[in-house]
Amino acid sequence: MNLISQAKTWLSVKNTSWETVLYTFMSSLKDTHCLAKGVDAKSAEEEVQSVMDSLYTIIDSYHAGKVINALDETKRLLIKDFYISIPKDTPFFRARGNETGFLYKKEEMFHIPFDKRYLVGNQRYSISGLPCLYLGGSPYVCWEELGRPDYQKCNHSGFKTNEVVYVYDFCLPKELKSLFDVRRAALILACSIPADAKHVFKDEYILPQCVFQAIIEKHYNNGEYFNEDYIFGIRYYSTHYLKGEMDMFAFDEDNDEEMSRLVNYIFPSISDGYSGLSKYLLRAFEYTAPISYMYMSIKDTTFGIGGSSDEYASSSFGAIEDALRKELGVERIREDLSIVLCKAGGE
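Add 726 to a position in the sequence shown, counting from 1, and you land on the number used in the numbering used here.
The set of hints was computed from the structure by calculation and includes no laboratory data.
What you are looking at is a predicted structure, and each value in this text was computed from that prediction instead of being measured.
Mixed in with the good hints there might be a few duds.
Claimed, not checked - No farther apart than 30 Å at their CA atoms in a straight line, the calculated lysine-lysine pairs in the DSBU-like style are these:
#1 903 with 734
#2 900 with 806
#3 832 with 879
#4 801 with 903
#5 969 with 900
#6 763 with 734
#7 768 with 903
#8 763 with 900
#9 806 with 792
#10 734 with 928
#11 768 with 806
#12 832 with 886
Said to hold, decoys possible - Computed spacing ranges between beta-carbons, pair by pair:
#13 793 with 975: 39 to 45 Å
#14 786 with 981: 39 to 45 Å
#15 1005 with 943: 20 to 26 Å
#16 956 with 763: 33 to 39 Å
#17 825 with 924: 17 to 23 Å
#18 790 with 855: 21 to 27 Å
#19 786 with 1025: 54 to 60 Å
#20 872 with 1037: 19 to 25 Å
#21 814 with 978: 23 to 29 Å
#22 790 with 1037: 47 to 53 Å
#23 814 with 1052: 15 to 21 Å
#24 735 with 945: 32 to 38 Å
#25 976 with 763: 27 to 33 Å
Where is the CB? At the ideal position from N, CA and C, for every residue including glycine.
Just need the whole structure built from these sequences, with the hints factored in.
Given below as structure tokens:
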């Protein structure tokens, strides 16, 4: 069992806490198969305890109203970069629920405009009032993040990178190859605790929001001018998957391509004005006008399920993804779309 599989067991426990998860993680290091050869279990346990000490400082400072202290400790915790590069022409996806049956305008599939900041609430890796571009590794993960709205009417757009972008990698590793991996995994687990959607303030969001804000601050030169030389964001596995809620498909957790479908991406839209969209992000991404499954099935009677050995690619999510990949001009996941799935009105 790799670390991702173990984490799903720990995070699916009702009302669990980051302390409980990290203590369980620490105990598992004694007999886990996740530690690579040469990584000392005792040293790994000490690394987790060191992270926990920092996390207590961050949360206690935040609760006491000393947010600057919390951010300073977060920056110390992130002293070594977790960045990976995403190549040019990498596809992403974005979805928005829509009960009207109509399609959004293309620009409405980008981030919330700067002049509508009042619509931006708290998310796990974001801050109230700061518009962000939320993307996913598949239409399916986007739909799950929205809480499973009416799929027939849900709007989907495809995105692809116009240049190399960099993301802070908060995807849980399958194997711990170094003490740095142990440290990173401990922080990722602490940032992945499920929250109660009904709560206005979510204690579980303190750590990921401090991480996100610390990452943003690192990109200001001398704390004043934003460094626009390269695009940055953060990626992480959907917490819906980690707590066992994404049950429509069986994903092979040792297959990187399949697991990439479960990844969320967030790119902060650093303001270069008081209205409209971020030129900084518009430079980085090409994107399509939205489509919906209802719209496509009415417009094209051949749109539907195609043959594939890949369960996901053969699904309606695969049909949407393949259509968007075709529009973006990137590698497709299937070719045969010969079976009609639905008629107007979802019949």
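Do the hints match the structure? See the list:
1. 903 with 734: holds, 20 Å
2. 900 with 806: holds, 20 Å
3. 832 with 879: holds, 16 Å
4. 801 with 903: holds, 23 Å
5. 969 with 900: This hinted pair holds, its Cα atoms lying about 16 Å apart.
6. 763 with 734: Status holds; Cα separation ~24 Å.
7. 768 with 903: holds, 14 Å
8. 763 with 900: With Cα atoms ~14 Å apart, residue 763 and residue 900 stay inside 30 Å; holds.
9. 806 with 792: holds, 24 Å
10. 734 with 928: holds, 21 Å
11. 768 with 806: This hinted pair holds, its Cα atoms lying about 22 Å apart.
12. 832 with 886: Holds, because 15 Å separates the two Cα atoms, which is no more than 30 Å.
13. 793 with 975: 39 to 45 Å: With a Cβ separation near 40 Å, residue 793 and residue 975 satisfy 39 to 45 Å, so the hint holds.
14. 786 with 981: 39 to 45 Å: holds, 40 Å
15. 1005 with 943: 20 to 26 Å: holds, 21 Å
16. 956 with 763: 33 to 39 Å: holds, 35 Å
17. 825 with 924: 17 to 23 Å: holds, 22 Å
18. 790 with 855: 21 to 27 Å: This hint holds: roughly 23 Å between Cβ atoms.
19. 786 with 1025: 54 to 60 Å: holds, 56 Å
20. 872 with 1037: 19 to 25 Å: holds, 22 Å
21. 814 with 978: 23 to 29 Å: holds, 27 Å
22. 790 with 1037: 47 to 53 Å: Holds: the Cβ-Cβ distance is about 49 Å, inside 47 to 53 Å.
23. 814 with 1052: 15 to 21 Å: The hint (15 to 21 Å, Cβ to Cβ) holds, given that residue 814 and residue 1052 are roughly 19 Å apart.
24. 735 with 945: 32 to 38 Å: holds, 36 Å
25. 976 with 763: 27 to 33 Å: holds, 29 Å
Comparing the model with each earlier hint shows no violations; every hint is respected.
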